[in-house]
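Visitor: This is what each chain is made of:
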Amino acid sequence: MRGPPVRHPDDQREQLPAVEGTIADASEMKPGDRVVYPNQGVCAVVGVEEKDIAGQKLQLVRMRREEDGAAVLVPKNKVPSIGLRRVATGEQMEGVFHYLAAQFDDPELDWKVRHRDNADRLIAGGVLGVAEVVKGLHSLSRIRPLPTKEREQYDNARHLLVHEIAVSLGVPPVLAEDYVDYALMPPAGVKFTLKPPPTPVLLPSRPKKKRPVVEDDDLGLSDLGIDIDLSGALEAAVPEPADGEAAQGTEEAGGEEAAQEGGEEEGAQEIVKPTAPLAAKVTPQPQARQKKAPAAKEKAAAKKPTPKKPAPKKPAPRKPAATKGPAKKPHPPKTTAKRGGKKK
Amino acid sequence: MIRIVTLDRMDPSDLAFLTGTLYRAFGVGTEHAGEKPAPPEAETKDGRLDAVKLLREVAPVRSLPDDKVLYITSAPLALASGPLGEPPCWGFADLGGERAVITTSKLPQRGVTEASIEAWRQRLAREAIHAIGHTWDLHHCYDARCAMHPSWSQGLPANPDKELCSFCREKSERKIRLAKT
Numbered sequence: 001m002r003g004p005p006v007r008h009p010d011d012q013r014e015q016l017p018a019v020e021g022t023i024a025d026a027s028e029m030k031p032g033d034r035v036v037y038p039n040q041g042v043c044a045v046v047g048v049e050e051k052d053i054a055g056q057k058l059q060l061v062r063m064r065r066e067e068d069g070a071a072v073l074v075p076k077n078k079v080p081s082i083g084l085r086r087v088a089t090g091e092q093m094e095g096v097f098h099y100l101a102a103q104f105d106d107p108e109l110d111w112k113v114r115h116r117d118n119a120d121r122l123i124a125g126g127v128l129g130v131a132e133v134v135k136g137l138h139s140l141s142r143i144r145p146l147p148t149k150e151r152e153q154y155d156n157a158r159h160l161l162v163h164e165i166a167v168s169l170g171v172p173p174v175l176a177e178d179y180v181d182y183a184l185m186p187p188a189g190v191k192f193t194l195k196p197p198p199t200p201v202l203l204p205s206r207p208k209k210k211r212p213v214v215e216d217d218d219l220g221l222s223d224l225g226i227d228i229d230l231s232g233a234l235e236a237a238v239p240e241p242a243d244g245e246a247a248q249g250t251e252e253a254g255g256e257e258a259a260q261e262g263g264e265e266e267g268a269q270e271i272v273k274p275t276a277p278l279a280a281k282v283t284p285q286p287q288a289r290q291k292k293a294p295a296a297k298e299k300a301a302a303k304k305p306t307p308k309k310p311a312p313k314k315p316a317p318r319k320p321a322a323t324k325g326p327a328k329k330p331h332p333p334k335t336t337a338k339r340g341g342k343k344k
Numbered sequence: 001m002i003r004i005v006t007l008d009r010m011d012p013s014d015l016a017f018l019t020g021t022l023y024r025a026f027g028v029g030t031e032h033a034g035e036k037p038a039p040p041e042a043e044t045k046d047g048r049l050d051a052v053k054l055l056r057e058v059a060p061v062r063s064l065p066d067d068k069v070l071y072i073t074s075a076p077l078a079l080a081s082g083p084l085g086e087p088p089c090w091g092f093a094d095l096g097g098e099r100a101v102i103t104t105s106k107l108p109q110r111g112v113t114e115a116s117i118e119a120w121r122q123r124l125a126r127e128a129i130h131a132i133g134h135t136w137d138l139h140h141c142y143d144a145r146c147a148m149h150p151s152w153s154q155g156l157p158a159n160p161d162k163e164l165c166s167f168c169r170e171k172s173e174r175k176i177r178l179a180k181t
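Residue numbers (this note's numbering), protein chains in the order written: chain A, 1 to 344; chain B, 1 to 181.
One or more of the hints may lead you astray.
Claimed, not checked - Derived lysine-lysine pairs resembling PhoX-like cross-links, with alpha carbons at most 25 Å apart: (1) Lys175(B) / Lys149(A); (2) Lys191(A) / Lys53(B); (3) Lys36(B) / Lys106(B); (4) Lys57(A) / Lys78(A); (5) Lys30(A) / Lys57(A); (6) Lys76(A) / Lys57(A).
The hints are simulated quantities; they were obtained by calculation from the structure and are not laboratory data.
Produce the entire structure from the sequences given, and follow the hints as far as they go.
Guide: Now the structure itself:
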């Protein structure tokens, strides 16, 4: 089954065009204007007021949510970053309906990716992003019933879409909903002459969690009270030209583990395209290892006059600890401990 | 409280069935609040009634703040045309509001046999629950077995259920609980 196109190309993160109608400056807003607050709905601008909050004088834009009259206050300097936009125009709305009535794409089947993408679309995708969520979840519901969270997300997206359409076209919300479902589920015998639907807006990538950078040689063994000098072992066991390759192999394995851990933490986005982040992580590491290799060599040379001496003999007194020696082994207990912690 | 107002004459047994069904569906009292004339302003050139105008112009009935008023007419209803055309109209409501209207013109023939009358009543009750559901802020549901599924959908069975799905029921119950004064 073909999934939807990738929506988070990392390389285009900085060049993404803003959604049409996005308000870039608070000075563009005047009292009486109708704007769409992502995930909240259509709001009417009341005005700008100054408030003393925690000893700071802040200029706040006061808005009133039209649906229930709730007050929304946004700091003036935050306006460009929260994704406020103007209510979609009639032309944009027409595009939305043509998009809704177009053939269904196969839905994204990975719920993590789907849920996160949908959340992003609701915030930063404009009216077409909201329509995408409605249509995507609707098409999924034809395959299987939606889980509770997604059912709620579907209902919220539908609510936002219906209200924006109602405001944009100047019709009651139930009529707007009839229009939406007329496009999504046309009655028997009805066929629309559709224009090509508008291209969905590319969404910015989510900031990835910063993982603490652990130096290659520091495996955290000193914290466990284990002091092993592996440099001699490496020096003795592996011939020098092959050292780089061996190190690379180890790092690749480490890279895979890191990618898996990343996948666990950051969701399935890592799983979808594991090659790119893996390559990014792997390439610099062998260089680091190669740089440190001469220092290790010197150390080993100072300690051992004969390089051909079998290496395992040297750390003989620490044999019990040496069983844990291979570089990869200390990792699994760490992850197990983490998982145990999470379960609690 | 749900108050049913007829814009044309209706069989009392049908009304009794409808009040009972609405009471069971939403758990709020339901009664027939009399008959009112259809507003002439709502009539369109093709003999239908403009649903939006009808709700705006129809004579009000005495009601309390959280009451819902359901109007039933036998005349076909019309809606304003949208970007892709005019959707078929089985009923119309104010989303989260007070009033709703349904038409019996699109229901299957009532007939004279018990089975056909029962089928007609079931469908009438479904449309009534659908319209009242909108007044409790319910949106259309993708589940074809739910009363909130669009009435024109191809996925709708010939004799659709008049029950709400669990999500819609819970949502309406939440709204009703909050609305009770």
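Visitor: For each hint, tell me whether it holds in the structure or not.
Guide: Hints versus structure:
no., hint, in the structure
1, Lys175(B) / Lys149(A), "19 Å, holds"
2, Lys191(A) / Lys53(B), "28 Å, violated"
3, Lys36(B) / Lys106(B), "21 Å, holds"
4, Lys57(A) / Lys78(A), "15 Å, holds"
5, Lys30(A) / Lys57(A), "21 Å, holds"
6, Lys76(A) / Lys57(A), "12 Å, holds"
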